[in-house]
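Given the sequences, and given the hints that come with them, work out the whole structure.
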Amino acid sequence: MKLTASANHTLDALLELVCVEVQLTETQDGKSRGHYGAVADWLSREGSPLRGFDPHIFPQGSQRLGTTTKPIGKSEFDLDAVCKLTASEDWHPGELYQLLWDRLYSNGLYRPIMKRMPRCIRLEYAGDFHLDIAPAIPDPASGGNCILVPDMNADLALEHPANNVWKSTNPQDYAVWFEDLCIPVWTLNAKYARAQVDPVPDKEAVHAKPALKRSVQLFKRWRDVDYVDRPRLAPPSII
Numbered sequence: 006m007k008l009t010a011s012a013n014h015t016l017d018a019l020l021e022l023v024c025v026e027v028q029l030t031e032t033q034d035g036k037s038r039g040h041y042g043a044v045a046d047w048l049s050r051e052g053s054p055l056r057g058f059d060p061h062i063f064p065q066g067s068q069r070l071g072t073t074t075k076p077i078g079k080s081e082f083d084l085d086a087v088c089k090l091t092a093s094e095d096w097h098p099g100e101l102y103q104l105l106w107d108r109l110y111s112n113g114l115y116r117p118i119m120k121r122m123p124r125c126i127r128l129e130y131a132g133d134f135h136l137d138i139a140p141a142i143p144d145p146a147s148g149g150n151c152i153l154v155p156d157m158n159a160d161l162a163l164e165h166p167a168n169n170v171w172k173s174t175n176p177q178d179y180a181v182w183f184e185d186l187c188i189p190v191w192t193l194n195a196k197y198a199r200a201q202v203d204p205v206p207d208k209e210a211v212h213a214k215p216a217l218k219r220s221v222q223l224f225k226r227w228r229d230v231d232y233v234d235r236p237r238l239a240p241p242s243i244i
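In the working numbering, the protein residues as written are 6 to 244.
Be careful, since some hints might not be right.
[As the list claims (entries may be wrong)] Restricting the straight-line Cα-Cα distance to at most 20 Å, the calculated cross-link-like pairs of lysine to any residue (SDA-like) are: (1) Lys172 x Asp85; (2) Lys36 x Trp47; (3) Lys75 x Val211; (4) Lys214 x Glu21; (5) Lys214 x Ala18; (6) Lys214 x Gln28; (7) Lys172 x Pro145; (8) Lys172 x Ala159; (9) Lys225 x Leu19; (10) Lys225 x Val27; (11) Lys225 x Leu16; (12) Lys75 x Pro206; (13) Lys75 x Ile243; (14) Lys214 x Leu19; (15) Lys225 x Glu209; (16) Lys36 x Ala131; (17) Lys75 x His135; (18) Lys120 x Ala159; (19) Lys120 x Leu104; (20) Lys36 x Phe82; (21) Lys120 x Asp160; (22) Lys172 x Pro143; (23) Lys172 x Ala162; (24) Lys214 x Phe183; (25) Lys214 x Ser242; (26) Lys120 x Glu164; (27) Lys75 x Pro215; (28) Lys36 x Asp207; (29) Lys172 x Gly66; (30) Lys214 x Val181; (31) Lys208 x Asp83; (32) Lys75 x Leu223; (33) Lys214 x Val23; (34) Lys120 x Gly132; (35) Lys172 x Asp95; (36) Lys225 x Pro236.
[As the list claims (entries may be wrong)] Label-pair restraints from in silico Cβ distances: (37) Ala162 x Ala210: 45 to 51 Å; (38) Ala18 x Ser173: 42 to 48 Å; (39) Lys208 x Tyr130: 17 to 23 Å; (40) Lys208 x Ser173: 26 to 32 Å.
No lab work stands behind these hints: they were computed from the structure.
Every value quoted in this text rests on a predicted model; they were computed, and no experiment measured them.
Even glycine gets a Cβ: it sits at the ideal position worked out from N, Cα and C.
This is how it looks when you write it as structure tokens:
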């Protein structure tokens, strides 16, 4: 069926309304930024055992890309972060994981909300938000901004032989590639002595977001609705 210009305009307007609806509220956005900043400070501040590894903490995933969608019902949205430490592959992934776990566990605010996940540590805040923090080391074989993260089964002992696997990834360059497809390109230059914490990018007004970011959000909302009764089959948003 051929759509008329009028029908196209109507469809555009409806999609625009959906885009507005799927954005995080100011409260949700503010809470996620506040928790991220506090955790990053705790991991990287003077006196932290991680400090000697020159920690570089940065966001990854949908919050970094600006494609987070407001959860439906009781679903949680998440902020993914990386804590990159200057260490070699001689470290067992479980050792690195435990180092990050112990630092978080030493804080009474985080201890009750911590949960072990296969490649990260999850902080489950009350309500509709959780923060996933993945320990990482440089990946010299791949070079550049490539990193290695633990590829683990969280149900096994951390130093179990089956957990002695590193997985290569490159969330920073992926974000740069994604931003290169959008206008404007966002760049960052925030550094601290012997530690670096990259903030979550500034929130963009929905009408100022590039079409690519809004399109990804629309696809994610379609997925959330279409797979509501079969969440295990839902494709990850990166696809």
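Which of the numbered hints above does this structure break? No numbers; nothing is violated.
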